[in-house]
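Enquirer: The lines below spell out each chain.
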Amino acid sequence: MQPTSNVNAAGVVIDNVSKVFGRKRVLNSVDIAIEPQEFFTIIGPSGCGKTTLLRIISGFYQPDGGRIFYDRREVTNIPPWERQIGFVFQNYALWPNMTIFDNVAYGLRIRKKPASYIRDRVKWALGVVDLPGIEKHLPNQLSGGMQQRVAIARAIVIDPELLLLDEPLSNLDAKLRISLRKQIREIQSTLGITAVYVTHDQEEALEISDRIAVMDKGDLQQVGTPEEVYERPANHLVASFVGEANFVEGRVTPEGWFERPEAKLRVQLDEKILAKEVSAGETKMMIRPETIRVVEGDNCHVGGTITKRYYIGSLKRYVVRLADNSELVWETFDDRFSEGDQVKLRFTALCPISGEESNEGI
Amino acid sequence: MSSRLGIRKRRLARSTGGDVVIMLFLLIGALFMVIPMILVISNAFKPLSELFLFPPRLIVRNPTLKNFHDLMVMMAQSWVPFGRYLLNSLVIVTFGTLGNVLFGSLAAYIVSIRKFPGSRIFMSMVVFSLMFSAEVTRIPNYVTIAFLGWIDSLKAIIIPRWSAPLGLYLVSRFIDGMINRSLIEAAEIDGASDLRIYWQIVMPNIKPAWLTMIILSFQELWRTQGGHYIYSEQLKTLPYALSQITQGGVARQGVQHAVTLIMMIIPIIVFVINQSKIVDTMGHSGMAN
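Residue numbers (my numbering), protein chains in the order written: chain V, 1 to 362; chain R, 1 to 289.
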């Protein structure tokens, strides 16, 4: 199937939305604008408010403050069943007493569609999720992955303006998660539906999203493309949640060097960073482990001793102790190093970072 | 079900000797429970001479259908047709049980799915009401039924049964344990009404709970003789008629045993059919503990 331009796909505007449960404030004035046909992912650690936000977008929860718009239509007080949305639940939520056909056809029957239309539409939806011919099965006869694909078929069969997915892959095993997330993205882009996807898996978010919102403790930390969020995180919280990161505190000299003398670390910053993002003085840099290279000779930025070596498949992860006993994590395909080796390292990308590490370890 | 509840099969650290002891213990318990039933069945087919033997015989030596024959003769001589008593019992059992299942499950749906302000207090009251025996509530119930003008009508037995709290409690507990909130929300998002969700989503998935309700309600209503509410002979129930027949002294002992078997056998058949579902329900409601 070729990607289509779906005229039904709605953009979503989350305008200054807040939510309180009892005495706990779970969302603090969140503002997000989601484009039509966009695959938008909300990530964050458990309890950050991402599911609450999704449920407010769907209408299951009412915000205590702020408004929700689908395109320019305010839907804040409109119940979910009047919104033409599809919702995929974490635990599939297929009705165990109904066949797959009845599960998928449920929404169409309530909308009083003709029988022939329902038959064709269910067949189409099951075809989209690559599960043709299972109409007569019961949910418990299917694997977890198949059940979740049926749940997606049930959500898209009504031709929704908006597809909402609440951690749909978290009950599946790792391999299935990877293949199914690609399939979800393919279905979304083929049908041209606006999708809002909630997950705590940053790798999943990076792979399939057009844009990502990172949340922590009810606050929106950053909205950006996967590249922006990964390579230029807005703060320490985002950087540490999305991928592995080293954080090095030091100072920037007026000559444009970033240095930490006690670790014998010295890096000439490139003009781009100097022009926009840092000024001379104390600062903190984020260095992704895979951007570190081992070098020979004097063009290194820092030297150290390998104290630990981890085998993580094709990549190897080394922990390198620097002169001031601080540690750097370095990832490479190169497996010729072992614990105790002295290495000279060079950084290919540094990113100035603000903010502090979360107390609760984001 | 087991996956939803997170139950995993695991090997118990128990020796074969331990297994044998437990099996023996269970076997003795089972014998104690099954002997009265065997005795009831056996007695129904014993001739009068064998009924009064001491020590009593567990198994009948000379089985006869005379007790049942005598029962039929006596019923044929009754001035109210026997069929009328049977019809009254069937009406009470059918409408009482149906109403109990319907209203109990509807109330449980509201309490468990549509939590309203005060629903927890309401549920506590329901549980509290289970502690009252029938004798304690007899006078207020009589006053209420008299006020409604239902004395000497089948309504006096049927309608109060609709609000029996045990069914509400059982179904509510089962919904809490079995029906995940997302199953309801998945239907809501498609615009399903409460009645539709109740009928198409909730009820089919809590079948063991309402089968249990049917059994419990059936057993209780099947035994009812009309109590203090029914005075007209033509409105009396089958157990009443049978109990009258058996109140004829020693000569009717055989008939009495035939009556006991008839009254016992129907609830047992209903129970056996639904046995596995019942056990399932008890497990979920915490009653097994």
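Mixed in with the good hints, there may be bad ones.
As the list claims (entries may be wrong) - Chain V is nowhere near these chain R residues, computed Cβ spacing over 12 Å in every case: (1) M37; (2) L48; (3) M75; (4) F82; (5) I121; (6) S133; (7) R138; (8) I159; (9) I189; (10) G191; (11) S193; (12) V202; (13) P267; (14) I273.
Said to hold, decoys possible - Computed, partial: chain V to chain R, Cβ under 7 Å: (15) T76; (16) I78; (17) P80; (18) W81; (19) F89; (20) N91; (21) W95; (22) F101; (23) G107; (24) P114; (25) Y117.
Treat the hints as calculated values from the structure; they're not laboratory data. Cβ atoms here follow ideal geometry from the backbone N, Cα and C, with glycine treated the same way.
Enquirer: Of the hints stated earlier, which fail here?
Expert: 9, 10, 11, 12, 15, 16, 22, 24, 25
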